Amino acid sequence: MKTYSVHNQEGRILRLIESTSEDIALLNVVDGEDLIEGAYPADAFYVRDGVALPYPTKPGPWSVFDHAAEEWADPRTPDDLAAELQEARRAGIGCVNSAADAVRRRYVTMIAGQDMLYLRKEAEARAYLADPDPDPADYPLIMAEEGITAPTAWHVAQVYLGLSAVWISLAAPLETARLGAIAQIEVAEDAETIHAIVAAACAQIAAISNPTPEQPA
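Position one of the sequence shown corresponds to residue 1 (the numbering used here), numbered consecutively onward.
Think of the hints as simulated: they come from the structure by calculation, not from any bench.
Be aware that one or more of the hints could be misleading.
Per label pair, the in silico range of CB-to-CB distance [stated by the list, open to error]:
hint, residue 1, residue 2, range
1, L119, I148, 42 to 52 Å
2, M1, A203, 51 to 61 Å
3, A196, I148, 25 to 35 Å
4, D133, E175, 35 to 45 Å
Computed from a predicted model, the values in this text were never measured in an experiment.
Just so it is clear, CB atoms sit at the ideal spot from N, CA and C, and this is done for glycine as well.
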């Protein structure tokens with residue numbers, strides 16, 4: 001039993017068939033087709049003058065092989081390229097934002113409205129520590145965590161300020177890396193450049209940390 005590769009007139013391999021002889025194999029081809037002996041995968045070979053030849057290295061997923069010229073061609077229009085670049089920018093910015101979000105989640109509880117609560121806690125802590133005779137009724141957030149987050153209201157206020165310092169120390173380099181990468185992505189001229197920017201930014205963002213990563217309530 002022999003294997004034959006069936007190809008069309010332009011040289012594209014269509015299928016493989018097995019037969020005891022070429023004459024019998026030819027009964028399985030139609031007008032416009034021919035065959036050569038051998039098992040040649042359609043994604044790796046084409047046929048020219050009865051000889052199977054390997055495709056040259058494909059330059060990209062967009063490539064279409066021109067069998068007449070025996071080379072890869074780019075069928076994309078200028079509008080196609082512009083749309084692909086815009087999509088690459090959108091995806092790249094999304095990756096950078098996701099990387100920044102992953103770092104934030106190490107230190108900030110991601111619940112709707114929680115950011116505003118952190119700001120309120122910080123303001124309440126500063127006011128409490130500056131108040132010579134604090135009335136517990138004026139500091140409901142601190143009093144709610146007394147004996148839970150820390151043993152006394154004064155200590156709770158100190159924890160709030162300590163966590164605020166952690167957030168600020170992270171926010172500055174995180175925003176520098178995130179916004180800097182987005183600015184570069186928005187002016188990048190090709191997808192390859194965008195991929196390089198995203199890879200570098202994500203590595204930079206992932207390395208951002210604080211020595212006291214306490215998770216606030």
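For each hint, the structure was consulted:
1. A hinted range of 42 to 52 Å is violated for the C-beta pair L119 and I148, which are about 20 Å apart.
2. Distance hint check: the CB atoms of M1 and A203 are about 54 Å apart, consistent with the given range 51 to 61 Å.
3. As the Cβ distance of A196 to I148 is approximately 47 Å, the hint placing it in 25 to 35 Å is violated.
4. For D133 and E175, the hinted distance range of 35 to 45 Å is satisfied, since their beta carbons lie about 39 Å from each other.
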